[in-house]
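J.: Protein chains in written order, with the working numbering: chain A, 1208 to 1445; chain B, 95 to 481; chain C, 6 to 393.
Some clues are possibly wrong.
[What the hints assert, rightly or not] Simulated restraints, written as ranges between beta carbons of each label pair:
#, chain 1, residue 1, chain 2, residue 2, range
1, B, Glu304, C, Ile344, 32 to 38 Å
2, B, Gly259, C, Leu88, 52 to 58 Å
3, C, Val371, A, Gly1293, 55 to 61 Å
In short, the hints are calculated from the structure, not lab data.
Glycine is no exception: its CB is placed at the ideal position from the N, C-alpha and C atoms.
Residue strings, one per chain:
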Amino acid sequence: MTDEKPTSPEIPSPAPARPAPAPPAAAPKPAAGRLLPRPPPRSRPPLQPLRSRPGRNRPDASGRPLIASLAAAVPGAVLEAYEFVGETTVKIAPEHLVEACRYLKDKEGFTYLVDETAVDWKDRQPRFDVLLLLHSFSRGQERLRLKVAVAEGEACPTVTGVWETANWMEREAFDMYGVRFDGHPDLRRILTWDGFQGHPLRKDFPIEGIDTGAAIYPDRYPEGGGPGPKDTNRKVLS
Amino acid sequence: MSEPTPGTVAQFPPLAGPPLLGLHEMELNFGPQHPSTHGVLRLVLKVDGERIVSARPDIGYLHRGTEKLFETETFPMVIPHTDRMDYVAAATNNHAYCLVVEKLLGVEVPKRAQYIRVLLDEMQRISSHVLWLATAAIDLGAITPFFYTFRDREVILDLFEEYCGARLTLNCMRIGGLPVDLTPGWLEKVRAFTEPFEKCIDEYEDLLTENRIWKERTVGIAVLDEKRCIEWGVTGPVLRAAGKAWDVRRALPYECYPELEFDIPVGKNADTYDRYLVRVAEIRQSRRIVLQCLDWLEKNPGTEIRGKVPRVIKPPAGEAYASVEAPKGELGFHLVASGGNKPYRLHVRPPSFINLQALPEMAQGHLVGDLVAVIGTIDIVLGEVDR
Amino acid sequence: MSHTLLHNVLIPFIKGLVTVVAVGLAAGVLTWIERRLLGRLQIRKGPNRVGPQGFFQWIADTIKLIFKEDIVPSRAEKALHLLGPLLLFTPAVVVLGLVPWGPELTLFGVTTPLHAAADLNVGLLLILAVSTIGVYGIILSGWASNSKYPLLGGLRSAAQLISYEVPMGLAVVSAILMSGSLSMVEIIEAQRKAGVWFVFPGLIAFFLYFVSGVAETNRTPFDLPEAESELVGGFHTEYSGFRWAVFFMSEYGNMISISAVATTLFFGGWLRPFPNVAWLSFLDVIPAFFWFSGKVFLFLLVYIWFRATFPRYRFDQLMALGWKTLIPISLGNLALVAIAVLWGAAGLKVLGAVLVLLVAAGFFAVWRRPARPRSSTTMASSNVEVRA
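Bound conformation, chain A alone:
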């Protein structure tokens, strides 16, 4: 639980699907019109002198009282804790997630679940991260991010029993990523329709979408992945 291995297992360097496009213009140039005052000549800012480039430094936060008491109350739950751009993130062991959430809600006042979602790290094992963002009204508007690594095919424990609002958030994560939430009362697709094949936000789901005939011919499309690799309907990025 040191901060010496900052990004390596965590954030794989994504291979860009295509060469990076030309540097985007920082802002569209205003058309030379009489109404607009001429913008001042923009000095080309070099990349470095940004005052704070975080990312390199993610100080360990496991010593903070909140994290320490969480680790003490739910032994084995806290795998790692760090601060980044002023936000505290705690990596939680999946099997202790519900217990930790329950503790944070009941004892530490994190009554409001702001957000719950998933991230797909295609080439990493375990493949998915489930992110939860908690908010506490009583602890001076403090926010805390929980992070749970979930492998493909594995189930993440549901926190719907802790915050009811997690219901639709988890359904959305399930719909978009195929992360199953164990014990969820109503784990159905929410944004796509029942019978949709594949999980659109997975990195291997084609951006152009799939032939929605998948809904009609589920046998032609394998579960969880859109059109099969040899399917003529499969569209892939060039």
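Mind docking chains B and C on chain A? Use the hints.
T.: This is chains B and C only, laid out in the frame that chain A set:
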């Protein structure tokens, strides 16, 4: 016909006795094509006569895969996509997205740009609340407020058009600041609209606030108390009408809000009527903020509207979350960057989506006629619910 | 022979035809008036493109509706589905045929009373009976559409129309008590004899009649059977083309007939104000027919005004208003009027004076009421507070 009191309406006991014609419940499909579902919301209702036994929202009819699109665009190119989520409040969408990227980049936005952003946000809040008022009133059969509110919303849209060229999908912010500086004379036009606008708000209130039927239709309807609001993650005017003075602008201040004077209106009864009052009060507060921004901008002329942003925006790898107080509640962007020039994952925390979750609880036990009030009171935009 | 033919066949036929056509035309013109007036009330213009001031808009709309496809849902009960609009439209026309629009008309040397059907001695009773039939039109068209929203609309209307017929009937009874007759012409004559319109002693009855009338015609704030934002279109959701237009014509026809009956019962029909006061006789230059239709028109304007002002009631509130408010008031009012009638002519005058004074006092109190405090937040500042 006594004065309507809160908590006396439509809490019916379960139906006793044998079912009529062998039928207790009817399944009623409410939407997606229905005049008062504010878009393409579909509700599967179980009704007992006109009483709602259960309401199950079915969403996704407007799903466009916006979050997938985010991942394919470079950071500056994402902004127009954010317009299309809550399309009646595009400025706050832009703002929330810019904030999260700026947080990760560590960019500081110039003061002038902050004030202009807040000015745009608050004008957007006025126009969004006014649109809510129009549609919520027309859902309950009051057709006249619609035209009064649209008269004023039109002026705001014209002002937006003059600033950034668009009326609805504004695309009016950039990472680190703003795309363009103000047009000469624009501030005066905003002032000419904002100062007499107080009278327009009085007009809306004259039409509705003390209207007996309006009160009978809204008092005690769709009660969701503070505790349940927080349990459901409901934010924005709905939470404040339940008595919780929580506003992202104050709780987690961003931009120049700490320097501005405004109050947080708070309701008592957590019902539709209080939500209406809270929203009207928020329109007045937004007007206050707009006037303060105008004062500041007039006193501090300048041209600096963008901070020091690299040409190629490549935030460092890591997660960040930033939120703004959108007209509908807390609108947040959860950004996971991997060091590239595109967001690796950009998740939206849409207030409409989260607030809509509480609809079944709010609607249960009410009549079909109240359902439109319940849908209206949450203030959803389906573009944001489905993304 | 020719006299019989003329008076018993030809003239009734012409008058009937004129009534039917007049209702259709009046409904059309009324849509134009309504849209223009609503426009004025809602700071917009309303239709103003077709013809002067958009007057021909209603003709264009009618032509469009006639040529639209008439869709009958495949699972609908066809015969009843087609019958529904007619069942609604017919009573509206029949009621208008029973109302006297003026005392007598002499045209081409032929003198005839100015109503389409005869002046029946049970005219008022027939009007009440006929107007009740209209509810079948709504229920049947709602049920026969074989669709859930129309069904709900039909159910709503069944309960609503039947409920509001009770206070309406009781209000009408007050007028009968005051005039001592069921004949529409004699009710008007009784008002001439009494010297004042019955609206003064029958102020409460008139109020009840008009409110129930708004409910009977499904107009705002009682437009629940067709509540657009709740039931899509209510009982006429599944109708299109001219059948849908017939629903609208009947709605406007019903508005006219309710207004016409209210005029007859409470506003002296074709009489000018204070028909016995001699120095007001210069008002007689306006023909009786115009007095009558002018009063009807004013009521129609009130209908439109209502529509621009009120939100819609909810169903249980509507029922509560009918059964718990209007019916008790109408029973009390009936007792009041009966006592006044027993007292004699003076009784009616005293009752009228007292009621008018009470209303005037009420208006005065509202007028002198201190202005609502307007806080910086909202006008109802008690509910909402601000926290910095």
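J.: Please go over all the hints and tell whether each is borne out by the structure.
T.: Each hint, compared with the structure:
no., hint, in the structure
1, B:Glu304 with C:Ile344: 32 to 38 Å, "36 Å, holds"
2, B:Gly259 with C:Leu88: 52 to 58 Å, "57 Å, holds"
3, C:Val371 with A:Gly1293: 55 to 61 Å, "58 Å, holds"
Violation of the numbered hints given earlier is absent; every hint is satisfied by the structure.
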